[in-house]
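S.K.: Construct the entire structure; sequences and hints are all you get.
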Amino acid sequence: MMELTEEKHHDTASSFFCCMCKKALPPWSLIMTYNGVFGLVALIGSVSSTSLNRELSEYLGEDTMLALVCKSSRFEPNSVEYLRLQSKTAMLGTSITNPFHVLSLDGYMPRVNGRIENDPQRKLAMDDPKLPDGGPIPGFKGYAVNMIDFHEEELFIQTVSGYGLRETLIYGLFEIYMFMIPKNMLNQLFHLLRVLEQSLWMALSGRKTYIYTPSAANWKSISR
Numbered sequence: 102m103m104e105l106t107e108e109k110h111h112d113t114a115s116s117f118f119c120c121m122c123k124k125a126l127p128p129w130s131l132i133m134t135y136n137g138v139f140g141l142v143a144l145i146g147s148v149s150s151t152s153l154n155r156e157l158s159e160y161l162g163e164d165t166m167l168a169l170v171c172k173s174s175r176f177e178p179n180s181v182e183y184l185r186l187q188s189k190t191a192m193l194g195t196s197i198t199n200p201f202h203v204l205s206l207d208g209y210m211p212r213v214n215g216r217i218e219n220d221p222q223r224k225l226a227m228d229d230p231k232l233p234d235g236g237p238i239p240g241f242k243g244y245a246v247n248m249i250d251f252h253e254e255e256l257f258i259q260t261v262s263g264y265g266l267r268e269t270l271i272y273g274l275f276e277i278y279m280f281m282i283p284k285n286m287l288n289q290l291f292h293l294l295r296v297l298e299q300s301l302w303m304a305l306s307g308r309k310t311y312i313y314t315p316s317a318a319n320w321k322s323i324s325r
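Counting from 1 along the sequence shown, just add 101 to a position and that's the residue number in the numbering used here.
Source of the hints: derived by calculation from the structure; they are not laboratory data.
Using N, Cα and C, we set each Cβ at its ideal position, and we do this for glycine too.
Among these hints, one or two may not hold up.
To be verified - DSBU-like, lysine-lysine: derived pairs with alpha carbons at most 35 Å apart:
hint	residue 1	residue 2
1	Lys242	Lys172
2	Lys224	Lys242
3	Lys242	Lys231
4	Lys189	Lys242
5	Lys224	Lys172
6	Lys172	Lys189
Stated by the list, open to error - Now the in silico label distances, taken between C-beta atoms and shown as ranges:
hint	residue 1	residue 2	range
7	Asp164	Pro233	20 to 28 Å
8	Met192	Ile217	37 to 45 Å
9	Ser262	Arg155	32 to 40 Å
10	Asn199	Pro239	40 to 48 Å
11	Thr151	Asp207	29 to 37 Å
12	Ser196	Glu163	21 to 29 Å
13	Asp207	Pro233	18 to 26 Å
14	Asn219	Gly273	24 to 32 Å
15	Val261	Asn288	17 to 25 Å
16	Gly162	Gly235	31 to 39 Å
M.R.: Written out as structure tokens, the structure reads:
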């Protein structure tokens, strides 16, 4: 991925960070943390499987995956963070001349309803969606925001107000519920969602439904 990014997105922040990462050990989000820059969305955290990584990457899209993540919402051409970034690229004999997307932790409305107690990954405490009768929804696997795992050092990246990556960036990017359903059960699930749409959307609080697949050939990925 890094080689492809450097080749395809020359002279951008994403190509610079990929170049830096080849010379450093993970977690790569710490390369310029002291400068208020945490790297690319694609290089922050990890997931449990390549299939889930592929599905979440496709959900976000290339522009978001290659967006630069920084702490301050004041990141701009004349800001201290930007000038430091250009200084670092100059040390590598290059410069950032092409446009790139920037995502600011301070720009996200954080989720403030707490974390799972004593969870080493500091996952968010979120109730599973239920059917009107209180039963579980078939195929529900969890919240995408809690499927991202961080290096220990990444858990200490915070906004000025003390909110971490999960409550801000990840919660804002992955406003989705994850379902895992065999292909032959998709119609059954969609019928259930249609029948219970009003109740479900009240429970989902506007979050999107996303059905993903492991590597098995008889599974299919669909977003709604």
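S.K.: Each hint needs a verdict: does it hold in this structure or not?
M.R.: Hints, verified against the model:
1. Lys242 - Lys172: Holds, at roughly 31 Å.
2. Lys224 - Lys242: 15 Å, holds
3. Lys242 - Lys231: 13 Å, holds
4. Lys189 - Lys242: 42 Å, violated
5. Lys224 - Lys172: 20 Å, holds
6. Lys172 - Lys189: Cα-Cα ~18 Å, so holds.
7. Asp164 - Pro233: 20 to 28 Å: 39 Å, violated
8. Met192 - Ile217: 37 to 45 Å: 41 Å, holds
9. Ser262 - Arg155: 32 to 40 Å: 33 Å, holds
10. Asn199 - Pro239: 40 to 48 Å: Holds, at about 46 Å.
11. Thr151 - Asp207: 29 to 37 Å: 32 Å Cβ-Cβ, so the 29 to 37 Å window holds.
12. Ser196 - Glu163: 21 to 29 Å: 22 Å, holds
13. Asp207 - Pro233: 18 to 26 Å: Since the Cβ atoms of Asp207 and Pro233 sit about 39 Å apart, the hinted range of 18 to 26 Å is violated.
14. Asn219 - Gly273: 24 to 32 Å: Holds - the Cβ-Cβ distance for Asn219 and Gly273, about 25 Å, lies within 24 to 32 Å.
15. Val261 - Asn288: 17 to 25 Å: 48 Å, violated
16. Gly162 - Gly235: 31 to 39 Å: 36 Å, holds
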